[in-house]
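Asker: What follows is the residue order along each chain.
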Amino acid sequence: MAVKERAHRLASVRLPEIRKEHLIQYGVAGLTACLVLAPMLPVLYSSFRDRPLYDSGGTLSLSNYARLFSDPGFHKVIGNTLAFATLTTLISVLLGVVMAVLVGRADIPGRSVLGEMLLWPIYLSPLVIAFAWVIMYSPAGYVTLFVKQSLHVQPWNLYTIPGMAVVASVALMPIAYLYCSSSAAVADPALEDAARTAGAGPLRIMLSVTLPLMRPPILYSAVLIFTIGLEVLSIPMILGGPVGIDFFSSFLYNRWLGGARPDYGLVGAAAVVLLLIVTVLVLFQNRLLRDTARFVTVRGKATRPHIFKLGRLRWILFACICLYLLLAAILPMAGLVMRAFTKFLTPLVPPWRFLTMNNMIVIFSYPAYVRSITNSILIALIGGFVTTLFVALISLVAHRSEFRFRKVLDFLAIYPRTMPGMIVGIGFFWAFVMVKPLGPIRNTIWALTLAFGVRYLPTAFGAISPMLARIGAELDDAARTAGADWWTTSRAILLVLLKPALYSSFVLLFIQLIKEYGSAVFLVAPGSEVMGLTMLQFWVQGEAGPVAALSLLQVVITMVIVYAGRKLFKVKVYA
Amino acid sequence: MPEIVVKDLSKRFGNVVAVNHISFTVRDGEFLTLLGPSGCGKTTTLFAIAGLDHPDTGLIRVGESTFFDSSTGQFVVPEKRNCGMVFQSYALWPHMNVYENLAFPLRLRKVSKKARDERIAEILNLVELELYKDRYPHQLSGGQQQRVALGRALVYSPTVLLLDEPLSNLDAKLRERARSWLKRIQSRLGITSIYVTHDQTEALVLSDRIAVMREGRICQVGSPQDIYASPAEPFVADFIGTSNFLRGHMAGAGEDGTILVDLDAAKASIRINTTKSFAQGAPLLVSIRPEKVRVVDRSRDAALPAGNWLEAEVVDGIYVGACYRHRLRVDRTTLRAETEAELTTKRVWVSIPDDACAVFEADPAQDSAGETPI
Numbered sequence: 001m002a003v004k005e006r007a008h009r010l011a012s013v014r015l016p017e018i019r020k021e022h023l024i025q026y027g028v029a030g031l032t033a034c035l036v037l038a039p040m041l042p043v044l045y046s047s048f049r050d051r052p053l054y055d056s057g058g059t060l061s062l063s064n065y066a067r068l069f070s071d072p073g074f075h076k077v078i079g080n081t082l083a084f085a086t087l088t089t090l091i092s093v094l095l096g097v098v099m100a101v102l103v104g105r106a107d108i109p110g111r112s113v114l115g116e117m118l119l120w121p122i123y124l125s126p127l128v129i130a131f132a133w134v135i136m137y138s139p140a141g142y143v144t145l146f147v148k149q150s151l152h153v154q155p156w157n158l159y160t161i162p163g164m165a166v167v168a169s170v171a172l173m174p175i176a177y178l179y180c181s182s183s184a185a186v187a188d189p190a191l192e193d194a195a196r197t198a199g200a201g202p203l204r205i206m207l208s209v210t211l212p213l214m215r216p217p218i219l220y221s222a223v224l225i226f227t228i229g230l231e232v233l234s235i236p237m238i239l240g241g242p243v244g245i246d247f248f249s250s251f252l253y254n255r256w257l258g259g260a261r262p263d264y265g266l267v268g269a270a271a272v273v274l275l276l277i278v279t280v281l282v283l284f285q286n287r288l289l290r291d292t293a294r295f296v297t298v299r300g301k302a303t304r305p306h307i308f309k310l311g312r313l314r315w316i317l318f319a320c321i322c323l324y325l326l327l328a329a330i331l332p333m334a335g336l337v338m339r340a341f342t343k344f345l346t347p348l349v350p351p352w353r354f355l356t357m358n359n360m361i362v363i364f365s366y367p368a369y370v371r372s373i374t375n376s377i378l379i380a381l382i383g384g385f386v387t388t389l390f391v392a393l394i395s396l397v398a399h400r401s402e403f404r405f406r407k408v409l410d411f412l413a414i415y416p417r418t419m420p421g422m423i424v425g426i427g428f429f430w431a432f433v434m435v436k437p438l439g440p441i442r443n444t445i446w447a448l449t450l451a452f453g454v455r456y457l458p459t460a461f462g463a464i465s466p467m468l469a470r471i472g473a474e475l476d477d478a479a480r481t482a483g484a485d486w487w488t489t490s491r492a493i494l495l496v497l498l499k500p501a502l503y504s505s506f507v508l509l510f511i512q513l514i515k516e517y518g519s520a521v522f523l524v525a526p527g528s529e530v531m532g533l534t535m536l537q538f539w540v541q542g543e544a545g546p547v548a549a550l551s552l553l554q555v556v557i558t559m560v561i562v563y564a565g566r567k568l569f570k571v572k573v574y575a
Numbered sequence: 001m002p003e004i005v006v007k008d009l010s011k012r013f014g015n016v017v018a019v020n021h022i023s024f025t026v027r028d029g030e031f032l033t034l035l036g037p038s039g040c041g042k043t044t045t046l047f048a049i050a051g052l053d054h055p056d057t058g059l060i061r062v063g064e065s066t067f068f069d070s071s072t073g074q075f076v077v078p079e080k081r082n083c084g085m086v087f088q089s090y091a092l093w094p095h096m097n098v099y100e101n102l103a104f105p106l107r108l109r110k111v112s113k114k115a116r117d118e119r120i121a122e123i124l125n126l127v128e129l130e131l132y133k134d135r136y137p138h139q140l141s142g143g144q145q146q147r148v149a150l151g152r153a154l155v156y157s158p159t160v161l162l163l164d165e166p167l168s169n170l171d172a173k174l175r176e177r178a179r180s181w182l183k184r185i186q187s188r189l190g191i192t193s194i195y196v197t198h199d200q201t202e203a204l205v206l207s208d209r210i211a212v213m214r215e216g217r218i219c220q221v222g223s224p225q226d227i228y229a230s231p232a233e234p235f236v237a238d239f240i241g242t243s244n245f246l247r248g249h250m251a252g253a254g255e256d257g258t259i260l261v262d263l264d265a266a267k268a269s270i271r272i273n274t275t276k277s278f279a280q281g282a283p284l285l286v287s288i289r290p291e292k293v294r295v296v297d298r299s300r301d302a303a304l305p306a307g308n309w310l311e312a313e314v315v316d317g318i319y320v321g322a323c324y325r326h327r328l329r330v331d332r333t334t335l336r337a338e339t340e341a342e343l344t345t346k347r348v349w350v351s352i353p354d355d356a357c358a359v360f361e362a363d364p365a366q367d368s369a370g371e372t373p374i
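Residue numbers (the numbering used here), protein chains in the order written: chain A, 1 to 575; chain B, 1 to 374.
Just so you know, the hints here were simulated from the structure itself, not pulled from any lab data. Check before you lean on any hint, since a few could be wrong.
Derived pair list, reagent style DSBU-like, types lysine-lysine, alpha-carbon separation capped at 35 Å [said to hold, decoys possible]:
{"no.": "1", "chain 1": "A", "residue 1": "Lys20", "chain 2": "B", "residue 2": "Lys7"}
{"no.": "2", "chain 1": "B", "residue 1": "Lys114", "chain 2": "B", "residue 2": "Lys80"}
{"no.": "3", "chain 1": "A", "residue 1": "Lys499", "chain 2": "B", "residue 2": "Lys7"}
{"no.": "4", "chain 1": "A", "residue 1": "Lys570", "chain 2": "A", "residue 2": "Lys309"}
{"no.": "5", "chain 1": "B", "residue 1": "Lys80", "chain 2": "A", "residue 2": "Lys20"}
DEER-style ranges, computed between Cβ atoms [stated by the list, open to error]:
{"no.": "6", "chain 1": "A", "residue 1": "Pro189", "chain 2": "B", "residue 2": "Glu361", "range": "38 to 46 Å"}
{"no.": "7", "chain 1": "B", "residue 1": "Ser89", "chain 2": "A", "residue 2": "Asp107", "range": "35 to 43 Å"}
{"no.": "8", "chain 1": "A", "residue 1": "Phe411", "chain 2": "B", "residue 2": "Phe75", "range": "38 to 46 Å"}
{"no.": "9", "chain 1": "B", "residue 1": "Ser89", "chain 2": "A", "residue 2": "Val408", "range": "28 to 36 Å"}
{"no.": "10", "chain 1": "A", "residue 1": "Ala198", "chain 2": "B", "residue 2": "Ser89", "range": "39 to 47 Å"}
{"no.": "11", "chain 1": "A", "residue 1": "Val280", "chain 2": "B", "residue 2": "Ser38", "range": "56 to 64 Å"}
{"no.": "12", "chain 1": "B", "residue 1": "Ser168", "chain 2": "A", "residue 2": "Arg470", "range": "35 to 43 Å"}
{"no.": "13", "chain 1": "A", "residue 1": "Arg491", "chain 2": "B", "residue 2": "Gln139", "range": "36 to 44 Å"}
{"no.": "14", "chain 1": "B", "residue 1": "Thr201", "chain 2": "A", "residue 2": "Cys34", "range": "52 to 60 Å"}
{"no.": "15", "chain 1": "A", "residue 1": "Arg470", "chain 2": "B", "residue 2": "Asp355", "range": "40 to 48 Å"}
Glycine is no exception: its CB is placed at the ideal position from the N, C-alpha and C atoms.
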């Protein structure tokens with residue numbers, strides 16, 4: 001009797017059902033947490049440890065931080081980095097805003113073509129832009145020498161912090177332009193009409209209404225550019241290296257790879273400092289975004305913004321923009337092409353005299369160089385594909401399920417935004433050392449694919465989740481009531497409708513992954529070379545020709561994929 | 001077809017009580033409408049029955065199967081409930097054509113291709129869309145989309161049919177046609193249905209019974225005739241059709257089941273038929289439909305029949321096609337009345353028929369007897 005009663009009681013205790021969707025949801029969230037935390041925790045841990053993580057024993061202390069902050073070199077590094085990032089932010093935001101207003105809102109001839117051309121640098125690696133600028137504008141550069149010969153003065157010095165900031169601004173200006181012009185394009189013309197009826201002229205309106213309303217994108221892109229300025233490796237290495245100006249990124253690079261024995265503790269501490277600064281900036285940026293209601297200018301009504309009439313001034317400004325494009329993008333790219341196909345490049349001798357295919361031949365005759373190209377393409381293809389699918393799953397779980405920790409997942413997916421590429425690299429380096437089952441993929445391109453994928457989780461998330469938000473929830477509801485479980489609904493309805501976003505996420509990731517090198521610095525091994533690092537390596541050896549050739553190849557691959565994306569999938573990246 | 005039992009259902013969103021401990025039963029084969037203004041909890045109730053919303057407390061049972069029971073923690077996921085649902089936006093899957101939209105639920109139920117095609121043909125015939133099988137949702141008109149949505153909800157022979165304002169996106173003319181068409185299909189199939197709407201005409205035309213909801217509560221459940229003729233609360237009288245409200249006080253009960261009400265706004269008393277009883281002097285609210293108010297020209301000196309006659313002045317009038325709507329001033333209050341002919345004189349007699357009024361104990365906190373525009 002008693003047994004029967006107990007059995008009855010047991011039966012009435014309801015065990016939570018384990019369903020397929022729960023397995024998927026917990027699986028996705030668990031994997032995301034591991035991937036995002038994998039690089040974070042080892043970096044933190046190594047910064048507090050008095051010896052490398054693979055050595056047993058050791059104690060936790062603040063000694064690494066003490067050493068870091070008493071290092072006079074580090075003080076210089078901080079100063080240089082802040083000066084560089086600030087200057088870069090100022091120049092690129094100023095350029096971006098002016099271009100956005102002129103090209104987006106004024107009657108400049110050929111606006112749409114100019115607008116496209118202004119975005120070009122965004123497709124290029126800052127590394128490539130730096131090479132191209134060095135080829136043309138460095139003290140021994142083509143244009144510099146040309147000016148020097150004709151005017152007999154040393155016109156400028158690119159190897160200074162302002163010089164570097166100019167190069168960085170060329171690379172980063174499109175970010176500011178993109179944010180500002182998309183906000184300028186949707187602004188409510190009634191706001192300007194109101195100013196006009198109140199008696200303001202076009203210039204007055206531009207200064208008192210249009211520009212202040214652009215404050216959120218200006219601030220937002222400023223923070224973004226400042227963050228990139230803190231962590232970018234290419235420009236400090238290429239332009240600062242020769243004259244010994246050190247920055248945060250090159251400091252990390254040199255302390256790890258430069259000396260005979262890497263100072264892991266010091267690098268860990270420096271990485272944590274950088275991580276903290278960037279985290280604070282990103283939090284600040286999020287706050288900015290939250291409080292933008294008073295700048296809301298887009299209402300339900302579809303309208304077109306007015307075009308400011310500039311009169312004769314428009315031709316002068318048109319010429320200025322063309323000049324900018326010529327000097328900043330077209331000339332350096334032309335230099336890159338010339339350098340790729342010549343033995344030497346000097347204004348003293350016409351380039352066709354030294355014409356050669358040798359640089360290309362060099363690249364294709366060394367297996368390591370060929371491998372860096374195939375590896376980069378492979379990583380970009382597979383990494384882009386897998387990351388896109390994985391992020392699609394993340395956004396489905398985070399935004400379209402009753403998963404208990406979906407808010408946490410949402411946060412995790414955008415968290416890598418706060419992690420500079422080099423730190424992701426350091427973190428994964430330690431993760432592969434410490435987690436034994438991951439051993440086999442260490443030193444392979446899969447290690448790089450993993451690190452690159454994590455680094456660009458937020459990029460993919462930003463491409464997919466807004467589209468998901470536009471798919472009405474009643475489509476899921478309809479599928480659920482019709483008898484489909486969560487996973488079937490996600491697969492048969494949502495993923496299919498998300499296809500355009502998945503394509504653009506893939507193209508976007510491909511562009512990013514093919515040029516990524518920052519997070520590869522500490523992970524690369526013989527056999528897993530990627531294009532960016534191979535270029536750096538050539539450059540350090542003084543081989544500008546092959547670098548130019550390789551850069552050109554990278555640009556061509558990117559162009560092909562962007563074009564294919566447009567033609568095949570109707571993907572308009574950055575539009 | 002089973003009945004639907006909802007008991008003690010409640011749901012909060014943060015501090016807002018969306019559904020406040022409501023109970024009702026939909027009989028086998030019945031068409032019940034949840035009617036109320038937006039935010040009254042009708043859609044939340046419907047979504048709770050479909051399983052798309054997780055209620056806080058209560059019980060939902062359809063036939064023999066319990067969908068939700070907060071006392072045992074039971075919650076059946078929506079895909080296991082076999083409900084047919086038509087959404088306000090139709091929620092047709094845009095990447096599937098009409099055939100595929102209908103085939104999807106059948107595929108999930110592992111119906112063979114042959115049986116599936118037969119069933120879809122049958123349903124498309126029912127919703128009169130045989131020729132549109134290969135069209136995609138965006139190639140269909142609103143009315144056609146609405147019929148596809150209904151077809152998709154019916155194709156897998158659901159246990160119950162749930163409709164969330166399915167006609168609200170159609171224009172007035174089409175809505176009227178869709179209404180009678182929907183009614184025909186429902187009574188032909190005899191499927192137990194719950195219909196959510198804020199449109200009183202829809203509710204009156206379609207329903208076997210109506211549940212009027214307000215602020216998460218059910219005010220009254222009854223047949224359309226009951227709800228219209230004898231509203232249980234002033235809110236129901238006001239929300240279903242239009243009503244004039246007159247404030248007054250209980251002045252005495254007659255032996256013939258009538259009571260005498262002293263009007264507050266006029267120096268007059270009216271006699272009303274009612275089965276309710278009130279304390280002497282209790283504040284009352286009398287409601288009367290505009291079409292029940294009789295108006296007689298006061299300038300003609302004809303003898304008036306017995307009844308509640310009040311002196312009134314015509315304030316204004318508008319022509320709405322079927323009748324004239326007038327506002328009449330009776331001392332300090334306004335009455336709305338509908339007449340067949342236009343009133344040409346200013347001074348009229350109005351009569352309040354004693355058997356066409358509803359009378360309520362007035363809630364002193366609420367003042368629903370204000371002057372309302374026509």
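Asker: Against each hint, give a clear statement of whether it holds in the structure.
Answerer: A quick look at each hint next to the structure:
A distance of roughly 31 Å separates the Cα atoms of Lys20 of chain A and Lys7 of chain B; the hinted pair therefore holds under the 35 Å criterion. Restraint check for Lys114 of chain B and Lys80 of chain B: satisfied, since their Cα atoms lie roughly 24 Å apart, inside the 35 Å limit. The straight-line distance between the Cα atoms of Lys499 of chain A and Lys7 of chain B is roughly 43 Å, outside the 35 Å bound, and the hint therefore fails. Between Lys570 of chain A and Lys309 of chain A the alpha-carbon distance is near 33 Å, which keeps this suggested pair within the 35 Å criterion.
This hinted pair checks out: Lys80 of chain B and Lys20 of chain A have alpha carbons roughly 14 Å apart, not beyond 35 Å. Range check, Pro189 of chain A to Glu361 of chain B: Cβ separation about 57 Å, and the 38 to 46 Å hint is violated. At roughly 41 Å, the beta-carbon separation of Ser89 of chain B and Asp107 of chain A lies within the given 35 to 43 Å, and the hint holds. For Phe411 of chain A paired with Phe75 of chain B, a C-beta distance near 27 Å fails the hint of 38 to 46 Å.
Checked against the hint of 28 to 36 Å, the C-beta distance between Ser89 of chain B and Val408 of chain A comes to roughly 31 Å, which is consistent with it. Roughly 42 Å separates the CB atoms of Ala198 of chain A and Ser89 of chain B, a value that falls within the hinted 39 to 47 Å. Val280 of chain A and Ser38 of chain B have their C-beta atoms about 44 Å apart, which leaves the hinted 56 to 64 Å range violated. The given range of 35 to 43 Å is broken by Ser168 of chain B and Arg470 of chain A, whose C-beta atoms sit roughly 22 Å from each other.
The hinted range of 36 to 44 Å is not satisfied by Arg491 of chain A and Gln139 of chain B, whose Cβ atoms lie roughly 25 Å apart. A C-beta distance of roughly 58 Å is found between Thr201 of chain B and Cys34 of chain A, which places it inside the suggested range of 52 to 60 Å. Roughly 56 Å separates the CB atoms of Arg470 of chain A and Asp355 of chain B, a value that falls outside the hinted 40 to 48 Å.
Taken one by one, the earlier hints fail for this structure at numbers 3, 6, 8, 11, 12, 13 and 15, listed in ascending order.
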